[in-house]
Amino acid sequence: MTPDLTDISSRLALAPGIRSGSADGAVAALSTSYRPHRLHLANAASALDFRHHAIDCEEASVNFLRYGPELTVDAGSFDTFYMLEFPVSGGVDLAYGDRRLGSHAGTGLLLSPGAYIRSTWRADTSQVMLRLKRTFVERAWQSYTGDAERRTPVFRAEIDLGSVAGRRIMSLIGLIVTERLDESAAPASSMPLINAVLQTVFEHAPALSAPRVESALAGAVPHYVSGFRKLLDNPANLHLAIADLAALLHVTPRTLTAGMRRFTGLSPHEYLTGQRMKHARVLLNHGGISVAEAARKVGYANAGRFAASFRAHSGMNPSRLMDTRDS
Numbered sequence: 018m019t020p021d022l023t024d025i026s027s028r029l030a031l032a033p034g035i036r037s038g039s040a041d042g043a044v045a046a047l048s049t050s051y052r053p054h055r056l057h058l059a060n061a062a063s064a065l066d067f068r069h070h071a072i073d074c075e076e077a078s079v080n081f082l083r084y085g086p087e088l089t090v091d092a093g094s095f096d097t098f099y100m101l102e103f104p105v106s107g108g109v110d111l112a113y114g115d116r117r118l119g120s121h122a123g124t125g126l127l128l129s130p131g132a133y134i135r136s137t138w139r140a141d142t143s144q145v146m147l148r149l150k151r152t153f154v155e156r157a158w159q160s161y162t163g164d165a166e167r168r169t170p171v172f173r174a175e176i177d178l179g180s181v182a183g184r185r186i187m188s189l190i191g192l193i194v195t196e197r198l199d200e201s202a203a204p205a206s207s208m209p210l211i212n213a214v215l216q217t218v219f220e221h222a223p224a225l226s227a228p229r230v231e232s233a234l235a236g237a238v239p240h241y242v243s244g245f246r247k248l249l250d251n252p253a254n255l256h257l258a259i260a261d262l263a264a265l266l267h268v269t270p271r272t273l274t275a276g277m278r279r280f281t282g283l284s285p286h287e288y289l290t291g292q293r294m295k296h297a298r299v300l301l302n303h304g305g306i307s308v309a310e311a312a313r314k315v316g317y318a319n320a321g322r323f324a325a326s327f328r329a330h331s332g333m334n335p336s337r338l339m340d341t342r343d344s
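Residue 311 in our numbering is what sits at position 294 of the sequence shown, and the numbering runs on without skipping anything.
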């Protein structure tokens with residue numbers, strides 16, 4: 018019998034998770050797990066009922082996600098992962114590149130890297146989601162096709178959970194959750210099950226295109242947008258100002274801002290701040306460094322200003338993170 022999504026989501030809710038009543042808390046939690054993004058509530062007065070539970074499976078993770086009220090998520094493009102998402106309740110309307118897609122209970126979506134994604138979650142929407150690392154999918158696709166070059170397959174997005182493929186994927190996800198949460202035995206590796214999900218996708222979800230990795234990384238976005246993100250992957254560049262980063266890319270700050278907002282949904286400053294906070298968390302978690310030194314390493318001359326940004330981004334003071342680590 019195929020496990021239904023309600024059963025899977027109920028068990029996922031037993032996994033480690035985060036709950037928040039604020040948009041800032043939700044953004045901070047998912048920006049670390051997924052990518053920097055923005056939330057826009059349809060009614061600013063609505064109370065958020067954010068819940069995120071996740072089970073890590075090496076090259077993938079199984080997630081339960083809920084926001085509560087109707088809202089829109091500006092996610093930009095998925096650079097480093099694929100996402101399969103299945104509504105348990107409610108549904109999602111997506112702008113996916115130049116296409117418009119929708120999902121509801123009984124259907125799902127397979128979102129590939131590259132396309133700009135803006136999704137509107139209807140009120141009371143909850144989803145079970147399987148996140149797959151991009152490089153893992155690319156290597157598996159290369160092995161499946163026997164291609165000499167590594168490529169980034171872009172799959173047909175729509176999935177019918179009533180189909181053979183849909184039922185099989187649900188069965189596999191249900192088995193992953195059951196095995197990972199079984200406290201009576203040491204959890205077995207989920208990779209054979211994850212590989213079976215991928216095999217099902219490869220066999221039943223047509224690849225609409227499969228550009229070489231180099232081409233896919235460049236994507237349809239301007240070179241300076243992908244270049245800006247690449248520059249900030251290097252912690253040594255986090256101290257630079259937006260004007261300095263734009264100069265390295267041979268564009269004006271205004272051009273960079275317009276491109277970033279169009280293709281990622283974030284301003285250069287918002288993206289830079291997100292990367293600074295992400296690296297600061299790594300530094301503070303590693304230990305052996307003061308808050309002031311962490312601030313300096315990520316480009317803040319003023320430790321108080323850094324602490325305020327860190328608190329707004331992660332929901333806690335950097336000193337509290339250090340106390341939690343040491344306890």
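Derived by calculation from the structure, the hints in this document are not laboratory data. Among the hints, erroneous ones may be present.
Said to hold, decoys possible - With a straight-line Cα cutoff of 25 Å, these simulated DMTMM-like cross-link-like pairs (lysine to aspartate or glutamate) come out:
hint, residue 1, residue 2
1, 247, 220
2, 150, 196
3, 295, 141
Claimed, not checked - Beta-carbon label-pair distances, calculated as ranges:
hint, residue 1, residue 2, range
4, 229, 251, 18 to 26 Å
5, 305, 31, 15 to 23 Å
6, 275, 192, 42 to 50 Å
7, 305, 75, 38 to 46 Å
8, 253, 33, 47 to 55 Å
9, 97, 160, 46 to 54 Å
10, 275, 206, 41 to 49 Å
11, 270, 206, 21 to 29 Å
12, 140, 179, 23 to 31 Å
Fair warning: this is a prediction, and the values are worked out from it, not measured in the lab. Backbone N, C-alpha and C define an ideal beta-carbon position, used for all residues, glycine too.
Evaluated hints:
1. For the hint pairing residue 247 with residue 220, the CA-to-CA distance comes to about 33 Å; that exceeds 25 Å, so the pair is violated.
2. Distance check on the hinted pair: residue 150 and residue 196 sit about 21 Å apart at the alpha-carbon level, within 25 Å; holds.
3. Annotation: proposed proximity of residue 295 to residue 141 is violated, straight-line Cα distance about 30 Å (limit 25 Å).
4. Remark: the range hint 18 to 26 Å for residue 229 to residue 251 is upheld by a beta-carbon distance near 24 Å.
5. At about 35 Å, the CB distance of residue 305 to residue 31 disagrees with the hint of 15 to 23 Å.
6. Our hint of 42 to 50 Å for residue 275 and residue 192 holds, since their Cβ atoms are close to 47 Å apart.
7. The hinted window of 38 to 46 Å between residue 305 and residue 75 is violated, with their beta carbons roughly 28 Å apart.
8. In this structure the hint that residue 253 and residue 33 lie 47 to 55 Å apart at CB is violated, the actual value being about 33 Å.
9. Remark: the range hint 46 to 54 Å for residue 97 to residue 160 is contradicted by a beta-carbon distance near 20 Å.
10. Look at residue 275 against residue 206: about 46 Å separates their beta carbons, and that is inside 41 to 49 Å.
11. Separated by about 47 Å at the C-beta atoms, residue 270 and residue 206 break the suggested range of 21 to 29 Å.
12. Taking the beta carbon of each, residue 140 and residue 179 are about 25 Å apart, inside 23 to 31 Å as hinted.
Violated hints for the displayed structure, listed by number in ascending order: 1, 3, 5, 7, 8, 9, 11.
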